[in-house]
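**Q** Listed below are the residues making up each chain.
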Amino acid sequence: MSNPNLVLAVDDDPSILELVQMALEDDGYTVMTAADGAEALELLDKHSLGLILLDMRMSRVNGWEFAEAYRRRPGPHAPIVVITAAADAAARAAEIGAEGYLGKPFGLDELSEVVSRYLS
Amino acid sequence: MIELSASEARLAGNVRAKPRPFLSRLMPRTVRGTLIFILLAMLIPLLVGEAAVYYARYQERRAQELEANLEVARGGAAAFSTFIRDVVNTEFAIGQTLSGLNQPSPAQMNGILAANLRSYPLLRNLNWLTPEGKAVASSRADVIGLDYADRDYVQAVRAGEEWAISDLMPARVDGMPIFTISRGIRDGSGRLLGILVAVVDPDKLGEVLTVARTGQAAIGVSDSTGRLVYRYPEVTWTPATRDNFMDEPALPRARALGESVSTSLKGIDGQIRWGGFVRVEHTNWVAAATRPEVEANSRIAGEIFRDALAFLLIALLGAVTAVVVGRRITVPIKRLEDQAAAIGMGRFDEHIVVAEPVELSNLARAMSRMGDDLKARQQSLEQALAEQSVIFASLADPVLVFDASGKPVRTNPAIAAVYGIDPVSAGIDEFVRKTAVRHPDGRPLVASELPGSRALRDGKTVTDLLVTTDSRGRERVVQVSASPLVVGGAVVGAAGVWHDITEREQLLGRVLRHAAELRAIVEGTQAQIALLDRAFDFVMVNSAYEAGSGYRRDDLIGRNHFELFPNAENQAIFERVRDTGEPYEALEKPFQHPARPDLGTTYWNWVLVPVRDKTGRVGEVLLSLLDVTAQVKARQQMRHLKEDAECRAAELDAAIVSIPDAVLIFSPAGTVERMNEAARALLGYSSREAKASTEERLVWVHAETPDGKPFPPERAPTRRALGGETVHGVDMVIRGPEGRKVWTSCSAAPIRATDDQMLGAVVIMRDITAARMIEAERERLLVAERLARGQAESAVKARDDFISIAAHELKTPVTSLRGFAELLVRQFERTGTVDYERLTKAMAQMSLQSVRLTRLTEQLLNLTQLDAGKLAISPANTDLHDLVERTVESVRLVYPDRKVVFEGETAPAVWVDGLRLEQVIRNLLENALKYSPADSPVEIELGWEDASTVRISVRDHGNGVPEAQREQVFERFYQGHGERNIGGLGLGLYISRQIVDLHGGQIVCEAAEGGGSRFVLRLPANRPGSTRGAVDR
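Taken in sequence, the protein lines are chains C and W. Each step along the first sequence adds one to the number in my numbering, with nothing skipped, and position 89 is 89. Each step along the second sequence adds one to the number in my numbering, with nothing skipped, and position 908 is 908.
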């Protein structure tokens, strides 16, 4: 059973995670955070998610590796939104088959808008 | 069969003793004993006879003694009887007077009595009693008036006895011992008128009875009760002495029979006495005469002793003689016995001489001779034993001796020498196993099948052929011959000799093989061999001869050679050989077969050898013919070929001289046989080097492979070509005669004869130095170009990566800054207020992110300056201790949870750019904190490396930097591969090193002891002469 309001934010920058968590909780979502792909994969075992916000550049299991591992898992998959500082964010999202993307630096409105698009 | 000691068995049979006859059993078993026995046998009957005589004499003497005593007693009894009768008669006379018609007055009576008493001194007193027994008159006044009616003698008289004698009794008046003799006085009618009593003093009886006797002989009188009344010699009277004979049986016997004797009388003096006893007539009194037995015997014994003494002397003399004679025999016998014992113990030299008796003297001589014989025999036996021992020990063949149970008990050294095992100590089974004893057909053998065991069992000699394995693992063929050891008809053991016939067998095998080989050779040789007798008839031919002659072997044997192959010249040769005995030999003798003109001329090597019989005469001749036609023809052809080859060689020489490449021709041994001028010029070989080996030549020309290693000899073209290989284009660098390096391309090929025989090798070396140098230059250029292009490409790639990273690094803090700002704004817009907690958290994040941005910007600026060569330092006198402390404090603010330990010496002012150095130190500290576990400390030290160098080191407890990357970390854009992506541009250490370089110092990364990294920064303490303003880029 997926929790439509549960968002998993994965980023190796603690300030970004804190920001995303505070902003989305203000919007009424439940937010879990993970500092890298490995941590995120562990959380997937225990929780059903509505959406994954995924940073691409991480040391231990980066965005590409996480996405590949996630897609290989059985069962329903939550949509992934890529967060990246790269100029071609859309291309990165396409690379891993993500549903959406969010280019750094992003405003809170953009964040809210993207999240609400996948979590009605 | 080995007979050891049959005589011993015979000896054992004789020892058994026969039962001795009865008489002999009584006989003593020694000589001395026998002599004494004989002596006793003679003396004892004599002694017995003598004793009988003495006994008879003794008996006679005793009877005489008893008779003598009886005589004396008879005399005594008669005297006493006479005395009584005399007293009784006297009493009658006195009684007639006293009782007559004219009865006297009492005083007259007393006077009459007293007057009569005086004529009888034996009497004490005389009494006159009334018939009633009352004393009316007496010679003693004190008696008168006394009444004696109670006395026996009174009553006896009153009862009618004419007279009576009393026994001994005490007198009534004074108690003294007395006895009485009484007489009744009667009238004509028998009426008792009165009794006259004579009182006798017994001690005075000696006057009546006195008989002189010798020694201690005695006489005596006893009354009717046996009480002794009188004894001579006198004794002191006591009741015991009086009554001494009262129980003596001889007294009643004498009273009854009148006389008796006794030899067992116990005398008053305590001695046993012999005596005779006689009754006193008309009374019961007894007179006795006795003599002590001792006294009587001593008289007899004295006589007997005198007689016996002579006899004893004779007996003693006999005994002494026996002893002396005995000694004369037993002493020599003892000496003979000692000698026999000595011989028994092997001391044959102890001879004794016995002078007498002659028999023993002879015996002693015989024993001495026997000792000598035994000694000689023992010596020869010992010698034989010693010889046998030596032979046994030195026997080359192993010898094995078994006891009766089949256990090995003795071996000679050969067995251990051959087999390396001693069956006596190891046991027979182990020996059989270790030596792998087996039958010739390979079947293994067990111990019980050994010839020794069988000889023991069957009692006869067994011979067998066996195969063994000796201590060195070689196979030995042995002929084992084993015989039983028989002693006294019993098998007591067995001995086996292991005769090694391996060599004989091998020799036999070789001989047989040689014979077979010889036959095969004769049969198989191409030479035609025939044996002919003196008449030249064929005796034997081989297959080759059979084939060459055109006849079958059976047709040849017995036929005459010259009948079949008539040839006068050859017959002459045959006859000369037969007659002179000189062998004939001819090489390549041409021969035209008479029957086969189609074969043309053939060539034969002839050998005709005389074969001599035992007498030395030539009995047969052996003809050996070898068809050498082919060889002769081949040699002729070879001569043609050689001429041809010499011609060719000259042509070849001319050809190789004209070739510009170096050409060398090698012998099969690898020495240079021929070379052209070009080779001589290239290699500078003289004749000496030409004779050297390939290895030595390679060293001489400094041969190398193109990459500069010594040329391996096994890869040398010469060597390979001589090994049959054809080689093309092997590059070899050599040093020519002028020391110039020459690149050559070598080709080589083997030279073979038509029959593939290796004749040598040809090597061609082309100088390719010029071409090689051109090619090398081209390659160098190519590499340089490739390098430059690679560097350019990687620079572009690095720049792209850097931009990507920089964008990420820059955009992340901007996102954060912007986001937290919007978060505050949005809350304010939504609620009209901002809660304090959120505000402080957002502000802290914004402050942190702005610092991060500043840092990144600063780094980018530094990079730009560095790239432009414009990074400048502004040195000033700076207190390093202060500076480090300050930097540590500022880092602690950012990492409040981490432990940063600073240990520093106070440093003097150092000429550095304080701000830049702080940047460097902060970068080192932050790296240390980022790349180590959160609970581990980071240590920074400040100190002096030496007098002119200050040293700052930062140490962490992280994973450390692999050695290969310790220099790379200082390159630009280098990203550490830690557990977490720490972020950053990868510029920190790059910029740090540039700054340190500008200060004339150095910075390195080391592995810290116990794990982790240490970054060490060294700075010159003194102000440099000139300070560069910028890094040269």
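A couple of the hints might just be wrong.
Residues from chain C shown here face chain W by an in silico Cβ test under 7 Å; the list is partial [unchecked claim]: (1) SER15; (2) ILE16; (3) LEU19; (4) ARG57; (5) VAL61; (6) ALA85; (7) ALA89; (8) LYS104; (9) PRO105; (10) GLY107; (11) LEU108; (12) GLU110.
No farther apart than 25 Å at their CA atoms in a straight line, the calculated lysine to any residue pairs in the SDA-like style are these [claimed, not checked]: (13) W:LYS930 <-> C:GLU95; (14) W:LYS811 <-> C:ARG73; (15) W:LYS811 <-> C:GLU42; (16) W:LYS691 <-> W:ASP707; (17) W:LYS841 <-> C:VAL61; (18) W:LYS841 <-> C:ILE96; (19) W:LYS797 <-> C:ARG73; (20) W:LYS334 <-> W:PRO750; (21) W:LYS811 <-> C:ASP45; (22) W:LYS811 <-> C:GLY75; (23) W:LYS811 <-> C:GLU110; (24) W:LYS797 <-> C:ARG60; (25) W:LYS797 <-> C:ILE96; (26) W:LYS841 <-> C:GLU110; (27) W:LYS204 <-> W:LEU193; (28) W:LYS930 <-> C:ARG60; (29) W:LYS811 <-> C:PRO105; (30) W:LYS811 <-> C:GLU99; (31) W:LYS930 <-> C:VAL114; (32) W:LYS930 <-> W:ARG972; (33) W:LYS811 <-> C:HIS47; (34) W:LYS811 <-> C:ALA38; (35) C:LYS46 <-> C:GLU99; (36) W:LYS741 <-> W:GLY790; (37) W:LYS811 <-> C:ARG60; (38) W:LYS811 <-> C:VAL61; (39) W:LYS797 <-> C:GLU113; (40) W:LYS811 <-> C:ILE96.
It should be emphasised that the hints constitute simulated quantities derived from the structure, not laboratory data. Glycine included, every Cβ here is placed at the ideal spot set by N, Cα and C.
**Q** Can you list which hints this structure breaks, lowest number first?
**A** 5, 7, 12, 13, 14, 15, 16, 17, 18, 19, 20, 21, 22, 27, 31, 33, 36, 39
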